Amino acid sequence: MKENYTGTPTNRVDGKAKVTGEAKYAAEFEAPGLLHGVVVNSAIAKGKIKRIDTSAALQLDGVHQVFTHENRPGYSWFDKHHQDEDAPPGSPFRPLGSDEIKFSMQPIALVVADTFELARYAALLVQVEYETEPHETNLEANLDQAYKPKKYKSPPPSSPRGDAAQAFERSAVKLEEAYAHPAHHHNPMEMHASIAIWHEGGKLTVYDKIQGVQNSQKYISTAFGIPQEDVQVISPYVGGAFGSGLRPQYQLFLSVLAARELKRAVKVVLTRQQMFSFGHRPHTIQKLAIGASEEGKLQAITHHAFAETSRFEDYNEDVVIWPGVLYDCHNVEVSHQLVGLDVYTPLDMRAPGGTTGTFALECAIDEMAYKLNMDPLEFRLKNYSEKDLNEDKPHSSKELKECYRQGAEKFGWANRMMEPRSMKEGHQLIGWGVAHGAWEAQQQEASAKAVLSPEGKLKVSSATADIGTGTYTVMTQIAAETMGLPLEDVTFELGDSTMPKSPLEGGSWTVSSVGSAVKLVCEKLQEELLKMAQNMKNSPFSEAKPEEVSFANGQMFLTHAPATSLPLTAILEQHEGEPIEAEASQKPDKEQKNYSSYSHSATFVEVQVDEELGTVKVTRIVTAVAAGRIINPKTGRSQILGGSVWGIGVALEEHTVLDHQLGRFMTHDLDKYHLPVNADVHETDVIFVEEKDDIVNPLGAKGLGEVGIVSVAPAICNAVFHATGKRIRELPITLDKLL
Amino acid sequence: MRPFTFTQSQDVDTAVQEVSKEGAKFIAGGTNLLDLMKIDVMSPSHLVDITQIALDTIEETEAGGIRLGALAKNADTAYHELVETRYPLLSHAILAGATAQLRNMATDGGNLLQRTRCYYFYDTHTPCNKREPGSGCSAIQGYNRDLAILGTSEHCIATHPSDMCVALAALEATVQVTGKNGARSIPFANFHRLPGDTPHLDSNLQPDEIITAIELPANGFATHYTYLKLRDRASYAFALVSVAAALELEGNTVKEARIALGGVAHKPWRVPQAEALLHGQQATRENFQKVAEAYLEGAKGFGHNDFKIELAKRAIVRALEQATKKEATA
Ligand SMILES: Cc1cc2nc3c(=O)[nH]c(=O)nc-3n(C[C@H](O)[C@H](O)[C@H](O)COP(=O)(O)OP(=O)(O)OC[C@H]3O[C@@H](n4cnc5c(N)ncnc54)[C@H](O)[C@@H]3O)c2cc1C
Ligand code: SF4
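In the order they appear, the protein sequences are chains B and G.
Positions 782 to 1520 (my numbering) are the ones given, in order, by the first sequence.
Positions 20 to 349 (my numbering) are the ones given, in order, by the second sequence.
For the record, the hints were derived by calculation from the structure and aren't laboratory data.
Model, not experiment: these values are computed from the prediction.
Please note: incorrect hints may appear among the correct ones.
[Unchecked claim] Only part of the chain B face toward chain G is listed, based on derived beta-carbon distances under 10 angstroms: (1) 901; (2) 1441; (3) 1452; (4) 1457; (5) 1458.
[Stated by the list, open to error] List of simulated lysine-lysine pairs, DSS-like, C-alpha gap at most 30 angstroms: (6) B:1205 with G:309; (7) G:344 with G:274; (8) B:1518 with G:319; (9) G:319 with B:1453; (10) B:1398 with G:345; (11) B:1205 with G:345; (12) B:829 with G:57; (13) B:831 with G:57; (14) B:1507 with G:309; (15) G:57 with B:883.
Positions of the beta carbon are idealized from the N, C-alpha and C atoms, including for glycine.
For reference, chain G alone in the conformation it holds in the complex (with noise of 0.2 angstroms):
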């Protein structure tokens, strides 16, 4: 690890503006962040601790929703009553990541900034665009099992890792931040980015804006909803490939569908022009493979992770068969 200064901040603005200094960056549960700094893959001069800020609290919104704190804990906030009753999706998919010691420490808004899991991301002897741009891809080539399949692009096939971000692209959160500039509110469907020829950017967050909050909307569509996760071990394994989904159902018509992937892009994947297949149609098993193969239209596999694509596709059906028999989860 190389040497850096730190500093705590007690309110938004002062963070904003120590986060400005040359080569800073945010800390709060720190899971992330100092795993990479320790074996130099992230080497900030100046770190800024704001888990003192006061943003930690969970509420209900005027517009009838809720906002999550960006200093929540994953933990606190899969098993805070609202969520739990109001919006049980994302509760699942929190209980669904890391293990629970982790999720004791991860924060609301570092999960949404968590980086990529991809093997040569973590190993700074290997050529690696999104550590180092202009160096190029190991993945591409190499052994890219648990990459991407839909977005890619040449420069990079890393996946945004989170479990929790794919119930909130699926329930349409936003993201309140706030920089130099003032406030902001971004949807949660451009808040990540696809890799493009810019890998090393995550996120469209400015380097000098905070997370303050994560705002949902009054439909938390808790009736009908699954979050299922397929991965390699039954615990403390990241995502090959998960669907969080949301039905609003009237007998069996399905008068709203959600459906978000994770595991298979840059970001929280979602279809809206498929999911809409399903509008006014019958919950059937036919009527979701439709809606799955559209889902995974244009998707490409790089070898190690085709099996992605078809995975994919058949967890999409079991997820919306669970989520019409009130299944919450595998």
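Isolated chain B, as found in the complex (with noise of 0.2 angstroms):
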């Protein structure tokens, strides 16, 4: 019988090598004279550098250079030589780049030094003097200069649909409101790191903590003139990133910049407080204006985003797409503008757009079910969307209603009272919330290799990258299965720029792409197989065609007399003891572009709020997910539960401080920069819905990666408004907001 590795829950491949400590991360890599770099960065958020003196660090022995606007090498300066798969429109940041500071901690200096604690020292002692003039960094302050953008990072919002101002008029109950989303910083485990090596001749070997190499690779080639032959890069594990490795940092340029300039090998790892200096999720306003008949049919939706990008680029993400994806109304408009300030740009972060668009939209909606006096639910039921509207096509499949009514069963909603405040223990309050999202499916093309052994055994490659999500084992499980072979005989290769091209880690996308690049690839190795086994003397499979035989247990057979069959390895004998290989490239299949395919979701919670101390506690969350086939169901699971983790940390704790004096993030550590601890975990659950897609790509799998955080926090909050009967439209949801 054939495996079904594929939708069984599997432990990770990987899972010894972490906890064991063989698992390399970028920063741990060693090399010859390996030298150490440690940043300098501004304390002002805007001017100039009149005077940056480097003498005392440079006095220091061991310190072999201090590289600043001054002195550093050259490098390209056109922007599309800086420009990164994942940049948005505009004007990439160049470290060292000049004299002009353009936001606060940028970096100014990179100190390299025999070891890490001699540069820590000498970057103390970079005396810099500044020429500061007048920031903005207050979006709120300045959402008089919002602008739409020449150029969308995503496709632009979509253009209106029916009347939105005029439906909204003439609905019988309205609702006006605005939310805000606050700026968050990904703070992964891993700090960013990367170590560049030079080597005689001037090619480069690079570790670096990143979502893609071939991103690093391309933009080193480019940034710095060198021909991508010469670039290696690799990146076989990844601490953790949510979209935070999707574009190369600055410590990867700078340990390059070095790298080259001094003939060595030098490791840059940024600082904890360092990891506050680049992207972030950014802090946006948005302003929703919905319609609905009093039997509670939406008849108008306005969305409209405003927020924050760096002056450089125009960064955006899908904050509107959801009205059009999630509810079933045909008077819609919406807008993503921005507003310029004196930050860094602002990068992708765990379903950029996602999480701050349905938490605004999903609390709106269950403020207008509340004006309707209509369970929020049965509310969304009733506007339940069978069709995405943004691009008026049919779904390859929803299961969303298959989502609320098993959530919904599982938490015990039809126990609920409508009215807040009416369910209590002691000073406790107690409120259940529901809310729902969604993640867009994507396929993106991507390719493998495999490499089948005499002594059959199966090696897969491609150069995506396992940023914590599984992706080791899911190929690894896909391989096997594909070619029937057990679980231990076959291994998953990542992280190397060498290896077939592949998209970054993003988007949810991986399972997909790559994972039907690794399906092609074996497909490719089994009719190679059957050549070779075509070719063999007084062959059973002489008459056979590619779709009439199968693969399991390491054997071939006929599909319709499985007795007939032969061992891998028999058949590749036929090779000389050398081992067969393949290279294959999925794309995505056109009839795709018919359909619109979305991982769903439906999250039901309960919090407890004190009623005199504002202290909230999430006591339940059950999320159900539709998200075609699963794969692995245990790492999907994981990827569910640490979406439900961070939803409670968007609704109740994350939020990167800015003082507006200094423009300057404050709250650069870990103990300042709350995420929630295990304390703050109580009973979370998981349902996995079933979902059939057979157009979605080949594995009918469509990605968990962020559906999985995206109705968490909405959920949240409507519950803390089911508790307390206060609507709390600024995130983080603290308890000074609820005295």
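Need the complex rebuilt from these two chains, each delivered in its own frame; the hints are there to steer you.
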């Protein structure tokens, strides 16, 4: 029988390497004569460096060089040479580019020394004099400066459908509110790090923390004018990234710059504080107007987003697509405007735009349900959309209704009392809330290579990443199942720019893109094996067509007559002790264009709020997810659990505080930037709802990385309202807002 | 981090001598000092490791109280039988702080001397009178949500972040110290300072003095007590407001009340006259509310932290109610 590895909960194949420390992360590699670089960051948000004095640092024994804008080597000056795969339109920041300061904590010098400790000490001795200029970092105070970017990074907001303004005016029940989502920083466990190793002749080997090695490779190659084949980027393990590793960060640029100039190996690791010196989820203010009929049919939705960006790039994300994706409403108007501030460019962060936009929309929908005195779940069902109205396309599959049903049942939603403040235990007000969300299921072109050894061991590779999501495991499952080999006989390799081309690991598309390529390359090997079998003497397969053979238990056999079989090792003997190889590239099928594909989630939450003290405890979360085939229910569940925990953070804790007088993020460590801790996380349930999808990609799998976070925060906000009767429209909901 | 020299002292006298050297500092658990050295907020040129000195015992005193050696670990203190049974308020306060890992490293003496968590104090690129006298206070006009509402000055509005100290203040501990001029005992209320115009000084400990012990008087209020800590997440967060409350009750009549607030001032905050309002009175919500009002008299917010005034009042009432009902924590 064929082993069904996909769909079976499977332990991480890299689990042992990770817990034993055998798995190496970017900063952990060794190189002969390795030097250490420490970055000096700017104290001000805007102005010029009048004087930078590195003499005291250079006097220390063991300090090799201090790179600044004054002495740095030349590099390409064209914008396009600094733009990476995830760059928004604009002019990317160049580390040590000039004396100009564009944001607080901007890297302004790199101290390179024999040891990290020495470099860190020397960095303190670099004296900087600034000429400050007035800065602006306050989004709220600068809304009048908002503009529509000439070019959008993600697809531009869709044009109006129907007449939202008029329909709103005519609606029996109206809601108009604004919602604020603060800036967040990614804060993966592993800090960003790069080691650049210079080789005689100018070639480079680079270890980098990145969500796509080929993105770093191309970036280094164009920025420094080095032939692409002379740069190898390696990144076998990533200790979380959440989007922070989609763009090459400045430690990569600086380590390469120093390594080339000093003709050495140079390591640059950012500190936790410096993790707050580059991209972040942008502070976003959203204005929503919703109109409904008395019976609870949506008549109009307008959704306008105002988000910060830097002065040099126009970052935007999918904040306002959700009314069209989630609701059946025919008068919709949306816009996304930017406000340029003296900050670094925002950066994709887990479910970019989805987290922000769904929070506002799903809270507003809840508010509307209360205006209508209608159960919030019933209101959503009444306005359920079978189509993606942004694109006017049917869904390739959409089992959101089933998510509602199973989630509500597990949670016990039927016992909910509508009235806020109607449930109480001692001092604790109890609230139940619901919200739903979606994330697009995308497939990108990806390639993979497969090598089958004479012993029947399979090695598959692709230049993708595993940012903790379980890529190693899932690809191993797909390859083992396709080839009919035991899991132990299959290894998957990733994170090396010399491997077959792969997109960035992001957008929840890795399983669908790379997984489809892995499947295809295995099928190619099978064709090859069949040909080899047919060349054997008296081959029982001489007449067999590829679609008539199957692979299981290390054997090839005729599907209709399984007794007719050959062990793969026997077939491979034809190759005289040499392995066989195949490479394949999988593109999305054209048929996909006729459909919209989204993963969906529905989240039910219970909170306890202290009636006098305002403290909030999330006592229960149930999230039901429909995301096509779940290749690995175990790592998949972990994704949804992680999303739930992060949702608690979004709703109640996370907030990078910007001091506008200083133009500086002040909560720059994990004591001050709060993420949920174990004690904040209680009962958390995950349900995977069955969903069959033959269109989305050859695997029928949609993606789980992002759909798990989007619906959690609004469900918590709605539960807090149900508990207290208070609507908090500015995240996070800290206790002071509930007093 | 800047270079420094390092020595280990085996006894109190050498420790005192070593610390009298220019730029010297003691290091105990290092959980606060090392963090601050790494980000250049503190930069001692000589570190005197005192962890080898035999000051880590917890024992009964002749006066019927207990003595906590300055180098006893926070965790060992909280779980010590004498503390758990006779001073459970202290035990609860310690366990409300930091994390298990930190409490395993942190010492009782170090806990008293941990420095403020004011955001600006932690960032050498911002003005801060506590870190750099005369440079100004960024917090007064800036982000001050975590900072003080009582006993502030125009120079500094920082809070003392300890939980343990709030319980020690309520229990009227004394701090035993030894310096070049010999030993002395400092009542807890006089140990920490208000910022005034010297915000760089957190306590009245002299630079050459070492804390050798913390002594607790006989009465540990082990029946009616509560440590209530309100914070932004359930663990690993400092108090926005905390209350150590302890009552002696006869029936429902209050014989003695002790209340100390954390997270609201440069030191654990006690108002003995306000506590006295309860003496001889009934343990009722109305009476607790009166005390709460009196406790917050003169409180002043700075914008982001205005909410703490109301929160502290409610917390006092809740803590006293819980103490009456023998509920140790929230
Ligand atoms: C992330 C984090 C979270 C925390 N959360 C909390 C919390 O919620 N509540 C709380 O109360 N605390 C909290 N803490 C603080 C922790 O309790 C203190 O860091 C700890 O108690 C300090 O003790 P230590 O022995 O490590 O001191 P050290 O860091 O070694 O020293 C601190 C200071 O005390 C001086 N010193 C130490 N011992 C003596 C002595 N015997 N005599 C004279 N001077 C001495 C040192 O010179 C130094 O200046 C937290 C700390 C961290 C890092
Ligand atoms: S409150 Fe005190 S510690 Fe904070 S910035 Fe002002 S002076 Fe410094």
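Status of the hints after comparison with the structure:
At a threshold of 10 angstroms, the smallest CB-CB gap from residue 901 of chain B to chain G is about 6 angstroms, leaving the interface hint in force. This hint holds: residue 1441 of chain B has a C-beta 9 angstroms from the nearest C-beta of chain G, less than the 10 angstroms allowed. Checking residue 1452 of chain B against chain G: minimum C-beta separation of about 7 angstroms stays under 10 angstroms; hint holds. Checking residue 1457 of chain B against chain G by beta carbon gives a least distance of about 7 angstroms; that is within 10 angstroms, so the hint holds.
Given hint, residue 1458 of chain B at the interface with chain G, holds; its Cβ is 5 angstroms from that chain's nearest Cβ, closer than 10 angstroms. Straight-line distance between C-alpha atoms of residue 1205 of chain B and residue 309 of chain G comes to about 27 angstroms, which keeps the hinted pair within the 30 angstroms bound. Simply put, residue 344 of chain G and residue 274 of chain G have alpha-carbon atoms about 16 angstroms apart, close enough for the 30 angstroms limit, and the pair holds. Among the hinted pairs, residue 1518 of chain B with residue 319 of chain G is consistent with the structure: their alpha-carbon atoms are about 19 angstroms apart, no more than 30 angstroms.
Between residue 319 of chain G and residue 1453 of chain B, the direct Cα distance comes to roughly 23 angstroms. Compliance with the 30 angstroms bound is thereby established for this hinted pair. For a cut-off of 30 angstroms, the pair hint linking residue 1398 of chain B to residue 345 of chain G stands: about 23 angstroms separates their Cα positions. Taken as a hint, the residue 1205 of chain B and residue 345 of chain G pair is honoured in the structure, with Cα atoms around 22 angstroms apart against an allowance of 30 angstroms. Note on residue 829 of chain B and residue 57 of chain G: the hinted pairing holds, with a Cα-Cα distance of about 27 angstroms set against a maximum of 30 angstroms.
The suggested pairing of residue 831 of chain B with residue 57 of chain G holds, with an alpha-carbon distance near 27 angstroms, which does not exceed 30 angstroms. Taken as a hint, the residue 1507 of chain B and residue 309 of chain G pair is honoured in the structure, with Cα atoms around 28 angstroms apart against an allowance of 30 angstroms. With a CA separation close to 26 angstroms, the supplied pair residue 57 of chain G and residue 883 of chain B stays within the 30 angstroms bound.
The structure fails none of the hints (numbered hints given earlier).
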